[in-house]
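J.: So the chains spell out like this:
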Amino acid sequence: MIVKELVEKLNMQVSAGEKGLDRKISEGYCGDLLSNVMGKAPEGSIWLTVQTHQNIVAVAVLREMAAIVITGGYEPDKETQEKANLEGIPLLLWDGSAFDLSGQIYSYIKAA
Amino acid sequence: MSSLKKIFPVNKKDFIHAGEASIYVKNLLKSLQIDPKIIRRASICGYEGEMNVIMHGGEGSLFLEINPDKVTLDISDNGPGIENIELAMKQGYSTASERYRELGFGAGMGLPNMKNNSDEFAIESEKGKGTRVQMVFYTGGGGHAG
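So the protein sequences, as listed, match chains Y and F.
So in our numbering, spot 95 of the first sequence is number 95, and the numbers just go up one at a time.
So in our numbering, spot 6 of the second sequence is number 6, and the numbers just go up one at a time.
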């Protein structure tokens, strides 16, 4: 599934990084400790986090992730949006909990 | 292939450029068609090293050397140094401030991650002088099992 399809299915808000909306999602990861995410997140992941600062984009680029979702209704910093645009990493927003969102994404990419 | 060397500045508190050196290194290794598993490990190590200098270090640099059989990352800074290296190497130990912890850093995983993901790892530090971490990744070109 590509990021754009998921965005449409779940009616998610795209905050930045639109040029990466055709990236393919093959995995998922939840985490707010950057060292843990850096070391463990699979490539092609959609990453659910409550972190909003610019360093999340570097982690997503280095781990070759498909997209970042900021959960819990938080807003990204301006610098985070700029970096996401620069690197072409979709930055998505989700008002609900990571638990709810993971369940829905899982049903699309894993159970399909 | 002869040796290829690059140096990137990495400085304390410079969160704006955090990760850029590692992203450059990653793209360069990719263009040289290095094994993706090695690129993954080198990316983790480069990023953790950069963040250590930015959060705890001083003025410093990330030095990259690519040889036919290995990739070397040498990250050094002239910051306050590490008081107790043995403790710093312990998983879960961190001196990071509350602010850095809120940002998702300071889990005490940085140095252990670097050691676990490199084939050779060396750290030296002197209080008041700075810290240097050298990591080697064998790429299989020179007969090392990696």
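Treat the hints with caution; some may be incorrect.
[Claimed, not checked] Beyond 12 Å from chain Y on every Cβ pair, some chain F residues (computed):
# : residue
1 : S61
2 : S94
3 : T95
4 : G104
5 : N116
[What the hints assert, rightly or not] Some chain Y residues judged to face chain F by a derived CB distance under 10 Å, without partners named:
# : residue
6 : V14
7 : L34
8 : G39
9 : V50
[What the hints assert, rightly or not] Calculated cross-link-like contacts (lysine to aspartate or glutamate; reagent style EDC-like; alpha-carbon spacing at most 16 Å):
#  : chain 1 : residue 1 : chain 2 : residue 2
10 : F       : K30       : Y       : E5
11 : Y       : K40       : Y       : E64
12 : F       : K37       : Y       : E64
13 : F       : K30       : Y       : E64
In case anyone wonders, no lab produced these hints; they're calculated from the structure.
Built from N, CA and C at the ideal position, the CB exists for glycine as well.
J.: Each hint needs a verdict: does it hold in this structure or not?
T.: Structure-based check of each hint:
A cut-off of 12 Å between C-beta atoms confirms that S61 (chain F) is not in contact with chain Y; the least separation is 18 Å. At roughly 10 Å, the least C-beta separation between S94 (chain F) and chain Y is not larger than 12 Å, which violates its mark as non-interface. With a cut of 12 Å on Cβ distances, T95 (chain F) stays outside the contact zone with chain Y, its closest approach being about 14 Å. Residue-level check failed: G104 (chain F) sits 4 Å from the nearest beta carbon of chain Y, not beyond 12 Å.
The beta carbon of N116 (chain F) is not kept farther than 12 Å from every beta carbon of chain Y, the shortest such distance being approximately 8 Å. For V14 (chain Y), the interface hint is violated, the least distance from its beta-carbon to any beta-carbon of chain F being 22 Å, above 10 Å. The restraint placing L34 (chain Y) at the interface with chain F holds, with a minimum CB-CB distance near 4 Å, inside the 10 Å limit. For G39 (chain Y), the shortest C-beta to C-beta distance to chain F is roughly 5 Å, which falls under 10 Å, so the interface hint holds.
A hinted interface residue such as V50 (chain Y) counts as satisfied when its beta carbon comes closer than 10 Å to some beta carbon of chain F; here the least separation is about 9 Å, so the hint holds. With a C-alpha separation of about 28 Å, the suggested pairing of K30 (chain F) with E5 (chain Y) is violated against the 16 Å cut-off. Simply put, K40 (chain Y) and E64 (chain Y) have alpha-carbon atoms about 12 Å apart, close enough for the 16 Å limit, and the pair holds. About 13 Å separates the Cα atoms of K37 (chain F) and E64 (chain Y), which keeps this hinted pair within 16 Å; it holds.
For the hint pairing K30 (chain F) with E64 (chain Y), the CA-to-CA distance comes to about 12 Å; that is within 16 Å, so the pair holds.
Taken one by one, the earlier hints fail for this structure at numbers 2, 4, 5, 6 and 10, listed in ascending order.
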